[in-house]
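For the record, the sequence lines run as chains A and B. Be aware that the first sequence starts at 2, since it is given in our numbering, and climbs by one per residue. Be aware that the second sequence starts at 582, since it is given in our numbering, and climbs by one per residue.
Hints were generated in silico from the structure; no laboratory data involved. Please read these numbers as outputs of a predicted model, since none were measured by experiment. Watch out, some of these pointers could steer you wrong.
[What the hints assert, rightly or not] Stretch by stretch, here's where chain B covers chain A in the computed footprint (C-beta under 8 Å, at least three residues):
id	segment
1	136 to 142
2	175 to 186
3	224 to 234
[What the hints assert, rightly or not] The list that follows gives simulated cross-link-like pairs (lysine to any residue, SDA-like), each with its CA atoms no further than 25 Å apart:
id	chain 1	residue 1	chain 2	residue 2
4	A	K145	B	G715
5	A	K145	B	A713
6	B	K628	A	E157
7	A	K335	B	A713
8	A	K335	B	Q793
9	A	K335	B	T773
10	B	K876	A	G193
11	A	K221	B	Q793
12	A	K145	A	A118
13	A	K335	B	K876
14	B	K628	A	W337
15	B	K666	A	D160
16	A	K221	B	T770
17	A	K69	A	R288
18	B	K628	B	G648
19	B	K876	B	Q775
20	A	K335	B	P615
21	A	K335	B	K628
22	A	K335	B	L632
23	B	K666	B	E639
24	A	K69	A	D305
25	A	K69	A	R275
26	B	K876	A	Y210
27	A	K145	B	A710
28	A	K221	B	K628
29	B	K876	A	F46
30	B	K666	A	Q164
31	A	K69	A	L273
32	B	K876	A	L273
33	A	K221	A	L273
Idealized CB from N, CA, C, for every residue including glycine.
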Amino acid sequence: MNNGGYTRPQLVCPAGTPAALRTAVEAGADAVYCGLQNATNARNFPGLNFTPAELEAAIAYAHARAAKVLLAVNTFPRAGQFALWREAVDLGARLGIDALIVADLGVADYAARTYPALRLHLSVQAGASSPEAIRFYCEEFGVKRVVLPRILTVAEIADIHRQIPCEIETFVFGNHGLMAEGRCSLSAYATGLSTNMDGACSPAADVHYEEDAARNLTTKLGPFVIDRFACNENAGYPTICKGRYLTDARNEAYYAFEEPVTLNLAGLLPDLMRAGVTALKVEGRQRSRAYVRAVVSAFRKAVDDILAGGEASLASLLALTEGQRETEGAYRSKTWR
Amino acid sequence: MGDRAVELTLGPVLFNWPADQWRDFYFRIADEAPVTTVYLGEVICSKRAPLFASHYEEVVERLSARGKTVVFSMLSEVALNLDRKLVDSVCASEDHLIEANDASALPRLQGRPHHIGPFMNVYNERSVAVLARGGAQNFCLPVEMPARTIRALCAGTPDLDATFEVLVFGRMPLALSARCYHARAHGRTKDTCQFVCEKDPDGLELRTLNGQPFLAVNGIQTLSYDFLNLIDRLQELQEIGVSRFRLSPHGCDMVRVATTFRGVLDGTLTAAQAAAALTGLNLPGPFSNGFYNGKPCPAGAILAHVKDAES
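Just chain B, same shape as in the assembly (with noise of 0.2 Å):
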């Protein structure tokens, strides 16, 4: 596994971003970005998936003109009819991979070269043969895996000619739901929504009852309010077989995120510089490294991560 090519990967943009802007933040990742594989599309809520569609032919033309492979990702629930048309109308294009993030796509993709995405439990090597078994050749793994867990899973599916990959950068998906609520915030209903998700591209924050910073809120899902950063721990994840680290989008400088990640996976910047390019992004949130440890740490204990990175 140590012999395989080490790929820097965009994971779909979670967030409900005005359409133009969409459009503009993949153009310039197809002409800036130092990324090999761009995973496109809605994967939190059908009802969003109509603003951007007018968008999706100019922007994989862009994304395949510079050389970047496109990965379509599937809606993570799948359960109302209009869930369900959407996961049809993507899997019956033949054209492009697809990922898989719920069980509903499986049966279209059987047989078929796939992604399974993060939002799939896929946490042992008996779930990664029976997926690989139907043709699912990439996994990108549930965020709550530790290190400990991925190296055992790596180290257990030697025979598979499957790649894995870890979300490195970006906040952490944590929760899924039938209830949207960002719509409950503002006091409306899913069907009620009028869209109210995007006045936060980077999601809703929730504060504890102490005013500790703790989740964000995007529409059905749930994500950390800190910021997953595993910078430090590339060469780590490569020793114990992952060979795609994907970053999540947001209303940060992700040209600038991606660059960072790519020289320290060259070895062009030493781990203060990266740790100094990232402070300066001005994100709504603290780093952590998440789940990397098995036990998270919470926001605000969070700082020493990256101070330890910068000494």
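With the rest of the complex left out, here is chain A (with noise of 0.2 Å):
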């Protein structure tokens, strides 16, 4: 499809819960991801995530309305433990998803061989940042999209889609992590969980908030302070990238990766659409009913506004940024790096 001189952009939206998921196609979803209750997903926690049960009718309900469903199978496994992989495909296979989002070479191997008219998506904890890398998941398991790492520019990314044999996803607002996707062992140096095979960064179990006399608050992940706060701020959730840090470079505590910022792009949605992006991805499997609401209907509408050749309005998504400062990250600028 092209209107306006721009093709129509799939908005792919973050399904936690079946109850999410049904708000997400509500609001406009083109596709949701989700992922099963267990370290096969990049989300791996506690109240989230799918049963069998619940996958299979959240795919009729979505399939009902014209809608796809991305099933992430986006973790590594362990040496040992494929079986538990194996199963996750299997059983979006049989239940008639319409893509799977593989990150682990033998993952994206296993799905490729067993079930090839299965439609493979390159999940961002891939990593694949170069025309190079992309084509290589391309010719070895005949993938069709990949989900490009936040770390790149909107040239680039143009640059990039000219030269790989498959679509592009990016995202376009949500959390914004700091390391490069599927190559961080930040979170498991502090707590003995992997985010790459266990599929938890900052784990809930691991998360501490100490309270001193004056009611400031400590935030640690494991054994280790990432942040304090002053009794009428705004505590943010540990992460190693997002936390304060003391280093004799600096006379002051500073946010030595990133502060604690979201991604927006809809500032550069035409831009990206116009350098070929087919999907654009909204972050946030954690996020509550209210806030996909939110987003998926902000976004749908400054998608289509831009094709009616319109302008996108974004005041409404700038509420959304939870007070946190909002970031184009990467994407605008190399000055970011």
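Build the complex from these two chains, which are given one at a time in their own frames, with help from the hints.
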């Protein structure tokens, strides 16, 4: 489809729970992505994700409304435990998911050889950030779409688009992890649980809040202090890449990696659509239904407005950044690096 | 697997050392260090690569003349055109073995013997099989793999003619980013960095707000503050199928490190003698056994590990 010079992008939205899935579809998602209740997906948190029965019902619900369901099996199996990932792929194929989101070479190989008709998307967790890397996955496993790491400028994305045989999906909104996806063991270092293998960054069981007499709050991950907040400040969830640290190169504590910011590319939507991006992804499977409804509705309207030749109205999205500053991250300019 | 020759290897220099010092380091390694394989090349930042370009030929020559196998390690993160050109130019040479640290190098290496580096996500039997199909022969495993997972991987790949290598000495690589944190610490960006990373030959230390040493920054890379030291686990690692042990270069006396590890592998040094030799290195951080038992110990609780080895 071509509208006003733009190809109509798909809006790919988070579904941490069956209720969030229905909400996202109602709010205008073209596709939703979800995971099973175990280590096979990168949001393996208590209270999130789908049982096999819930997944089956969710697929029926989405398909009845012309929305696609993408199953994230996007962690890296530990040696000796491959069966759990194989079962997840088998289940997805049996239930008729529209695509499988994979990161691990072994999982991709299993899916491609066992279910050659099943559409494969390469997860951001695979960290494929160059045309050569992407082409490798396309040639080896027949990958149809790559979810690009959040480390590229829009110009670089357009450049990659011209050099690869598959579709591109990019993040447009949500939590802004600073490390290259799938290439970070910081949380594992502090907690012993691996983001890559266990599917959890900053697991809640290792998060601690300590309040002093003056009601200042210290947040910790495992044994490490991540940040401190005065009683009138909004305390962030302790993730290592958003903490404050001391170093000899600075006189004061600083955000060594990044300030707590929310990625918001609403202002770059026309550029992304011109760059040849097929799908726009909203992060947030851990988010509430209200959040999902608000973000998906706002992006649905923004995309439709641009396709209709208008300008995207962004005010409603600003309210969703929860008091955090927002950023266009790596996408706008090289100076982010 | 038990009959494989046990090899000690030297990983690539991760830090931005002055070029002359870098050259002299490798000359001394060539002449004095009991390592069989030396991994060479810039794996962190393509901007740094030209700094060492003029010395490669003489370093490779010296290492080869002293019987070392030279393997070229590829960049760990390949996104910019500069990164891609670097990977392309090194892969174009058929003369040397190459270690891939990112999937970008793989298309160039298919059907030709090569190594897989510790920055690739290889955690299971099927991933090893996929890469071995394309010509991969040696796998240096991700640093976050605990011993029990390494054991399962070695046990699960008996039919493959692959060797497994494990990092046993040095700060542990924990994360990569597109952003240069060295430049950021000094109020610069990657494009305007002026190579400020050269100030820190072992990385720039980060402490938590209560002063606890935590991490070390090296350009786009984040490492552990503590130094992995598995000298007391070499026997166990051999028994589970690891035949190659990698030392990661630091500013300390790496010949002494290599000699000590070789001594333990050969049975000519006791654990206590080895621990004493390594304690005298004056490293800018304590030893730890990293992810070996699954959950790393925080720096500070770590010295007990070396004390255990001494007793």
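Results for each hint:
Under a criterion of three residues with beta carbons nearer than 8 Å to beta carbons of chain B, the stated coverage of the segment 136 to 142 of chain A is upheld, 5 such residues being counted. Chain B is given as covering the segment 175 to 186 of chain A, and this holds because 7 residues of the stretch bring a CB closer than 8 Å to a CB of that chain, at least three being needed. Proximity of the segment 224 to 234 of chain A to chain B, defined as three or more residues with a beta carbon under 8 Å from a beta carbon of that chain, is established by the 6 residues found. In summary, the hint linking A/K145 to B/G715 is supported, as the alpha carbons are separated by about 21 Å, within the 25 Å threshold.
Under the criterion of a C-alpha separation no larger than 25 Å, the hint pairing A/K145 with B/A713 is consistent with the structure, at around 24 Å. This hinted pair checks out: B/K628 and A/E157 have alpha carbons roughly 18 Å apart, not beyond 25 Å. A hinted pair counts as satisfied when its Cα atoms are at most 25 Å apart, and A/K335 with B/A713 does not qualify at roughly 37 Å. Of the pairs offered as hints, the one joining A/K335 and B/Q793 is violated, with about 33 Å between alpha carbons and a cut-off of 25 Å exceeded.
Using a Cα cut-off of 25 Å, the hinted pair A/K335 and B/T773 holds, with the two alpha carbons roughly 11 Å apart. Only pairs whose Cα atoms come within 25 Å are accepted, and B/K876 paired with A/G193 is accepted, the gap being roughly 4 Å. Taken as a hint, the A/K221 and B/Q793 pair is honoured in the structure, with Cα atoms around 12 Å apart against an allowance of 25 Å. For the given pair, A/K145 sits about 11 Å from A/A118 by alpha-carbon distance, which is consistent with the 25 Å threshold.
Restraint check for A/K335 and B/K876: not satisfied, since their Cα atoms lie roughly 36 Å apart, outside the 25 Å limit. Between the alpha carbons of B/K628 and A/W337 the distance comes to roughly 16 Å, so the proposed pair stays at or under 25 Å and holds. A C-alpha spacing of about 15 Å is found between B/K666 and A/D160, which places the hinted pair at or below 25 Å, so the restraint holds. For a cut-off of 25 Å, the pair hint linking A/K221 to B/T770 is broken: about 29 Å separates their Cα positions.
For a cut-off of 25 Å, the pair hint linking A/K69 to A/R288 stands: about 20 Å separates their Cα positions. Between the alpha carbons of B/K628 and B/G648 the distance comes to roughly 30 Å, so the proposed pair goes past 25 Å and is violated. Restraint check for B/K876 and B/Q775: the C-alpha separation of about 37 Å exceeds 25 Å, so the hint is violated. Proximity of A/K335 to B/P615 is assessed by CA-CA distance (about 43 Å); at most 25 Å being required, the pair is judged violated.
A distance of roughly 14 Å separates the Cα atoms of A/K335 and B/K628; the hinted pair therefore holds under the 25 Å criterion. Of the pairs offered as hints, the one joining A/K335 and B/L632 holds, with about 22 Å between alpha carbons and a cut-off of 25 Å not exceeded. The suggested pairing of B/K666 with B/E639 holds, with an alpha-carbon distance near 23 Å, which does not exceed 25 Å. Using a Cα cut-off of 25 Å, the hinted pair A/K69 and A/D305 holds, with the two alpha carbons roughly 19 Å apart.
Of the pairs offered as hints, the one joining A/K69 and A/R275 holds, with about 23 Å between alpha carbons and a cut-off of 25 Å not exceeded. For the given pair, B/K876 sits about 21 Å from A/Y210 by alpha-carbon distance, which is consistent with the 25 Å threshold. Under the criterion of a C-alpha separation no larger than 25 Å, the hint pairing A/K145 with B/A710 is consistent with the structure, at around 23 Å. Taken as a hint, the A/K221 and B/K628 pair is broken in the structure, with Cα atoms around 35 Å apart against an allowance of 25 Å.
The straight-line distance between the Cα atoms of B/K876 and A/F46 is roughly 19 Å, inside the 25 Å bound, and the hint therefore holds. In summary, the hint linking B/K666 to A/Q164 is supported, as the alpha carbons are separated by about 15 Å, within the 25 Å threshold. Distance restraint check for A/K69 and A/L273: the Cα-Cα separation of roughly 22 Å lies within the 25 Å cut-off, and the hinted pair is therefore satisfied. Taking the CA atoms of B/K876 and A/L273, the gap is near 41 Å; set against the 25 Å cutoff, the hint is violated.
Between A/K221 and A/L273 the alpha-carbon distance is near 37 Å, which puts this suggested pair outside the 25 Å criterion.
Against the hints set out earlier in the document, violations occur for numbers 7, 8, 13, 16, 18, 19, 20, 28, 32, 33.
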